[in-house]
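A.B. asks: Residue strings, one per chain:
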Amino acid sequence: MRLNSIFRINLLSSVLPLLVVLLALGISWTFIEYREFEADTERIRAELMQAQEDMIRQQVDEVVEYLGHMESKTSERVRQTIKSRTEEAVAVAERLYAAYHGRMSDQELQELVREALRDIRFNSGRGYYFATRLDGVEMLFADHPELEGQNLLSAQDSQGRFVVQDMIRIAREQGQGFYEYGWTKPGVEGEDHAKIAYVQYFEPFDWLIGTGEYIEDMELEVQTEALNRIGNIRTGPDGYVFVLNLQGILLSHVDPDLQGDFILTMRDSQGTELFKDIIEAGLQEQGGVVEYLWPKPSTGVETPKMTYSLVFEPWNWIVCAGVFLDDVELSISQMRDRFWAGTRNKLLLAASAAVFAMGVWFLMVRHFSLRLRQGVDTFGDFFRKAVDSNEPVDDESLPFHEFKTMAGYANTMLEDRALAEEALVASEERFRSVVESSPMGMLFYALKQGDLILRGANQSAEDILGVPVLDRIGLSIEQAFPGMAEAEAPGLFREVIRTGEPFYGEQMYYTDEEIQGAYEFHAFRHTPNAVAVMFLDVTERIQAQEQINNSLAEKEVLLKEIHHRVKNNLQIISSLLYLQSEYVRDPNALDLFMESRNRIHAMAMVHEELYRSPDLARVDLKEYLLKLVPKLAGSYSQAQVESQVEAESVKITVEQAVPCGLIVSELVTNAVKHAFTGIENSKVTVRLFQRDDKVFIEVQDNGTGLPPGFDLYTSESLGLQLVVNLTKQLKGELASVGDRGALFTVSFPVQGVG
Amino acid sequence: MIIVQSSHGKPYSYRVMIVEDEQIIALAMRKMLMNLGCEVCAEAATGEAAVAEAAKGRPDLVFMDIMLEGEMDGVEAAHRITAEYEVPVVFATAFADEDTKSRAMAVSPVAFVAKPLDTRDLSAILEKLPNFKPGREKA
Numbered sequence: 030m031r032l033n034s035i036f037r038i039n040l041l042s043s044v045l046p047l048l049v050v051l052l053a054l055g056i057s058w059t060f061i062e063y064r065e066f067e068a069d070t071e072r073i074r075a076e077l078m079q080a081q082e083d084m085i086r087q088q089v090d091e092v093v094e095y096l097g098h099m100e101s102k103t104s105e106r107v108r109q110t111i112k113s114r115t116e117e118a119v120a121v122a123e124r125l126y127a128a129y130h131g132r133m134s135d136q137e138l139q140e141l142v143r144e145a146l147r148d149i150r151f152n153s154g155r156g157y158y159f160a161t162r163l164d165g166v167e168m169l170f171a172d173h174p175e176l177e178g179q180n181l182l183s184a185q186d187s188q189g190r191f192v193v194q195d196m197i198r199i200a201r202e203q204g205q206g207f208y209e210y211g212w213t214k215p216g217v218e219g220e221d222h223a224k225i226a227y228v229q230y231f232e233p234f235d236w237l238i239g240t241g242e243y244i245e246d247m248e249l250e251v252q253t254e255a256l257n258r259i260g261n262i263r264t265g266p267d268g269y270v271f272v273l274n275l276q277g278i279l280l281s282h283v284d285p286d287l288q289g290d291f292i293l294t295m296r297d298s299q300g301t302e303l304f305k306d307i308i309e310a311g312l313q314e315q316g317g318v319v320e321y322l323w324p325k326p327s328t329g330v331e332t333p334k335m336t337y338s339l340v341f342e343p344w345n346w347i348v349c350a351g352v353f354l355d356d357v358e359l360s361i362s363q364m365r366d367r368f369w370a371g372t373r374n375k376l377l378l379a380a381s382a383a384v385f386a387m388g389v390w391f392l393m394v395r396h397f398s399l400r401l402r403q404g405v406d407t408f409g410d411f412f413r414k415a416v417d418s419n420e421p422v423d424d425e426s427l428p429f430h431e432f433k434t435m436a437g438y439a440n441t442m443l444e445d446r447a448l449a450e451e452a453l454v455a456s457e458e459r460f461r462s463v464v465e466s467s468p469m470g471m472l473f474y475a476l477k478q479g480d481l482i483l484r485g486a487n488q489s490a491e492d493i494l495g496v497p498v499l500d501r502i503g504l505s506i507e508q509a510f511p512g513m514a515e516a517e518a519p520g521l522f523r524e525v526i527r528t529g530e531p532f533y534g535e536q537m538y539y540t541d542e543e544i545q546g547a548y549e550f551h552a553f554r555h556t557p558n559a560v561a562v563m564f565l566d567v568t569e570r571i572q573a574q575e576q577i578n579n580s581l582a583e584k585e586v587l588l589k590e591i592h593h594r595v596k597n598n599l600q601i602i603s604s605l606l607y608l609q610s611e612y613v614r615d616p617n618a619l620d621l622f623m624e625s626r627n628r629i630h631a632m633a634m635v636h637e638e639l640y641r642s643p644d645l646a647r648v649d650l651k652e653y654l655l656k657l658v659p660k661l662a663g664s665y666s667q668a669q670v671e672s673q674v675e676a677e678s679v680k681i682t683v684e685q686a687v688p689c690g691l692i693v694s695e696l697v698t699n700a701v702k703h704a705f706t707g708i709e710n711s712k713v714t715v716r717l718f719q720r721d722d723k724v725f726i727e728v729q730d731n732g733t734g735l736p737p738g739f740d741l742y743t744s745e746s747l748g749l750q751l752v753v754n755l756t757k758q759l760k761g762e763l764a765s766v767g768d769r770g771a772l773f774t775v776s777f778p779v780q781g782v783g
Numbered sequence: 162m163i164i165v166q167s168s169h170g171k172p173y174s175y176r177v178m179i180v181e182d183e184q185i186i187a188l189a190m191r192k193m194l195m196n197l198g199c200e201v202c203a204e205a206a207t208g209e210a211a212v213a214e215a216a217k218g219r220p221d222l223v224f225m226d227i228m229l230e231g232e233m234d235g236v237e238a239a240h241r242i243t244a245e246y247e248v249p250v251v252f253a254t255a256f257a258d259e260d261t262k263s264r265a266m267a268v269s270p271v272a273f274v275a276k277p278l279d280t281r282d283l284s285a286i287l288e289k290l291p292n293f294k295p296g297r298e299k300a
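Protein sequence lines, in the order shown, are assigned to chains A and B.
Every number in the working numbering is 29 more than the matching position in the first sequence, counting from 1.
Every number in the working numbering is 161 more than the matching position in the second sequence, counting from 1.
In isolation and in its complexed conformation, chain B is listed as follows:
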């Protein structure tokens, strides 16, 4: 088991929520995040659940898959989470159609990362989190 150290030499100790409808992918992410020192405080498979969990758990960061089951997609959920609870979001998808991508950009996410994520992607995101101010939807 490789423990990836943060740049300041300490493990990342953020409370992270994972929104992912593929449970195996969610599990792999949980393992990776835990290896980086984070606490996965909540997991959700749908947008609605994600909003509810975010309200309940108030995580430091949300990893959000865009294509979700149910009425609410990841962008919509991320919009509500950032707007209502000021929680920064990472979209865990590199590619999306242009319409979705522009909607996603309106949320001002911390990053877009291509799935499947690996440890290196995650540590890079966690590295820049302290300086990140979760944005509001512009306009």
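Same shape as in the complex, but just chain A:
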């Protein structure tokens, strides 16, 4: 793994976050801008659509207004036309009358005027003149000459109006005027063609001269004119106005092929019956908008189109103006291009600013890093040198005050270290001197690849072992001490290293039972892999101890011998008494001998017990009584007395054992000799127990009991006197109960050895 340098990290950590932040800022800014733009786009699209719609609506409204205007002008135009035609005809008549009056007969003059007017046609041939004498006789009827000369006063139109009479009245009363009526039409069936006429009175002949015009003809003319106008309306390359009627005939369209076609069931490529929709929309009160696909005139490509349509009710025309919506999308797309161009410029500007800022930042950080590096290098240098010298940091050359502070600490540390080193040297010196001057032999082993290597030793080790161990440092334990190979020491030392448990031991070398050398040694682990062994030559101490032990053993033997000797002497006394008693015939005297011998036995057995006892200072009273009591019970031949000992193990000193033995001896003897006169199954029970530090001895018999008024302390019996006095010697207490058999209780505090 490659280690990272602080400076690289410093640089990276300074520049990278900035980069990341700037990038994030740029992205988020662009994103926000874009979102705003998208929202704007939607709004603009809607506004554009609205504008387009407004535009086409206005266009349609204008056209409808124009049509209204045209429609309203139709009748006026008709009137204007026929009035001026009539005035022209009257003018012709007046001219002819002025020129020929008097030169011709009225008959001839009237004929001249009539023929002058007969062939005049106008308004696409529909217009002609008529003249009626005010008495109702038709003078001129260019369209129907066969009616001339007839009185048409009775002629009515389809509505029942007396057309000729009405005209005559206008001429007579007003001189001239318009008249509307239904009438026949040249080349067309029917008599109810709305017609308007203008008549003027021509006084010389007493005629009215007039002409008329069919309103529908004039209307068609107006409509054609209007359609021509409409057909020429263009807004841009692809904007136009078209018109259809409610029957689905296209009256005006930019495409001349379609003009006049029945297009009601036409569909666009998406299947929309667009003209039905257009008619439906157009019939709404405010008109309506329909969207569909239509070939664009400029490209011929089918393109989304929005059309506004509105009915022109007088003629039942649907006036439509459309706009191709790709223009809107084109506008949006142009806006988008402008937006991206703007954004790119802003981003470029921001990026340049960021690069510049980063450059500045990088330079600053690099400068800082270099200064930091200078500081760190100074410290690195310091630490490298500090390994083996105490040269302080030159804090003047350091850049930052933190470094200066650190330098201060480092220098303090260095001073402390110098002091510590001195102290360490002193301490090491001290400990070295302790090790070197220690009378204790010291060996230091380290475990290396399974070998115990001697790593150090002191002079005392060399002196004690008598081996130049100091020359053998670096050797394995087996090489350093060839005799050690089979000894248990290496194994022990390895065990100490393994377990960490210190080891203490003694090693002795005997020669002919005499100690030649003894070492007491301690081995302990002082580092995880090393063991220190310290040893002392304890030969002298062991020898001294051996001597003490020997002398102690000698003393013990001596003491045993003394007890043996005392016992032997007591036995000899006993034997002497026995031998003397051979010569006594008096049974009372023999008894006295026996009592004396028993007392001697009791004492002798204490000594026998003592010399047998392991500690020579105490006897187990239980063992003693178990031997003593049966012997006492059997020593008098007067009666067969059963004896029983119920004893706990109680150890007492020889000073107490002898009085004890004698007391028991006296009490048992007393019972055997005196208690059982005439008693069968006689029995003596001796109990021994200890409560706390008090020993209790009870001697009980099942004999006759004590005599009335018996008092231990005033008894004349030697035995009981001995008991009283020996109890006193034991600092004990004595009690007797005598109603059923006798019970003597002796209790005394147990005495320590000393």
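Hints listed in this document are in silico derivations from the structure and should not be mistaken for laboratory results.
Hints are supplied without guarantee of correctness; some may be wrong.
[Unchecked claim] Below 25 Å or equal to it, Euclidean Cα-Cα: the simulated DSS-like pairs (lysine-lysine) are: (1) A:Lys702 - A:Lys712; (2) A:Lys656 - B:Lys192; (3) B:Lys289 - A:Lys656; (4) A:Lys757 - A:Lys680; (5) A:Lys477 - A:Lys651; (6) B:Lys217 - A:Lys656; (7) A:Lys112 - A:Lys102; (8) A:Lys651 - B:Lys192; (9) A:Lys651 - A:Lys712; (10) A:Lys589 - B:Lys262; (11) A:Lys589 - A:Lys680; (12) A:Lys656 - A:Lys723; (13) A:Lys680 - A:Lys651; (14) A:Lys680 - A:Lys656; (15) A:Lys325 - A:Lys305; (16) A:Lys305 - A:Lys334; (17) B:Lys289 - A:Lys584; (18) A:Lys680 - B:Lys262; (19) A:Lys112 - A:Lys214; (20) A:Lys651 - A:Lys589.
Put chain B on the given structure of chain A with help from the hints.
C.D. replies: Chain B alone, transformed into the frame defined by chain A:
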């Protein structure tokens, strides 16, 4: 002088050897045994002497003190006497240290009796002698 009768009413008439280095104790024992009807055929004060006397006199019973003068102690002597001559032994000591006692037990003695012996102790021992087969050292 009290003559203690045996249980079958007759005095004990064994030939007995006493091994005891204290002459007064030996004398008292001799008197007691004689009072019981025994013949003290030999006395010895040391182990060696005891073995020699036993070989010579072939007693019915040996009363053996354990602590004797000389190299051979009572147990050793008793061991040799029982092993070589099949003579039963009584150790005339009640107390001995454990080591000695276990050695003594290996001899299979008739009894251990505490000194000083008295007539009653002796008669009890003599009483069970007819049924006693002197043992060999086990193992």
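A.B. asks: Is the hinted pair Lys289 (chain B) and Lys656 (chain A) satisfied, with a Cα-Cα distance of at most 25 Å?
C.D. replies: holds (20 Å)
A.B. asks: Holds or violated: Lys757 (chain A) with Lys680 (chain A), Cα cutoff 25 Å?
C.D. replies: holds (20 Å)
A.B. asks: Lys702 (chain A) and Lys712 (chain A): Cα distance at most 25 Å?
C.D. replies: holds (12 Å)
A.B. asks: Check whether the Cα positions of Lys680 (chain A) and Lys262 (chain B) lie no farther apart than 25 Å.
C.D. replies: holds (22 Å)
A.B. asks: Would the pair Lys651 (chain A) and Lys712 (chain A) pass a check requiring their Cα atoms to be no farther apart than 25 Å?
C.D. replies: holds (19 Å)
A.B. asks: Is the Cα-Cα distance between Lys289 (chain B) and Lys584 (chain A) 25 Å or less?
C.D. replies: Distance of about 41 Å is beyond 25 Å: violated.
A.B. asks: Tell me if the straight-line CA distance from Lys112 (chain A) to Lys214 (chain A) falls inside 25 Å.
C.D. replies: holds (19 Å)
A.B. asks: Sort out whether Lys334 (chain A) lies within 25 Å of Lys305 (chain A), counting only the CA atoms.
C.D. replies: Judged against 25 Å, a Cα distance of about 15 Å means the pair holds.
A.B. asks: Please work out if Lys589 (chain A) and Lys680 (chain A) have their alpha carbons no farther apart than 25 Å.
C.D. replies: holds (18 Å)
A.B. asks: Quick one, are Lys680 (chain A) and Lys656 (chain A) close enough, alpha carbons at most 25 Å?
C.D. replies: Since the Cα atoms of Lys680 (chain A) and Lys656 (chain A) sit roughly 15 Å apart, the hinted pair holds (cutoff 25 Å).
A.B. asks: Taking only the CA atoms, is the gap from Lys656 (chain A) to Lys192 (chain B) under or equal to 25 Å?
C.D. replies: holds (24 Å)
A.B. asks: Are the Cα atoms of Lys589 (chain A) and Lys262 (chain B) separated by 25 Å or less?
C.D. replies: holds (16 Å)
When held up to the earlier numbered hints, the structure conflicts with 5, 6, 8, 17 and fits the remainder.
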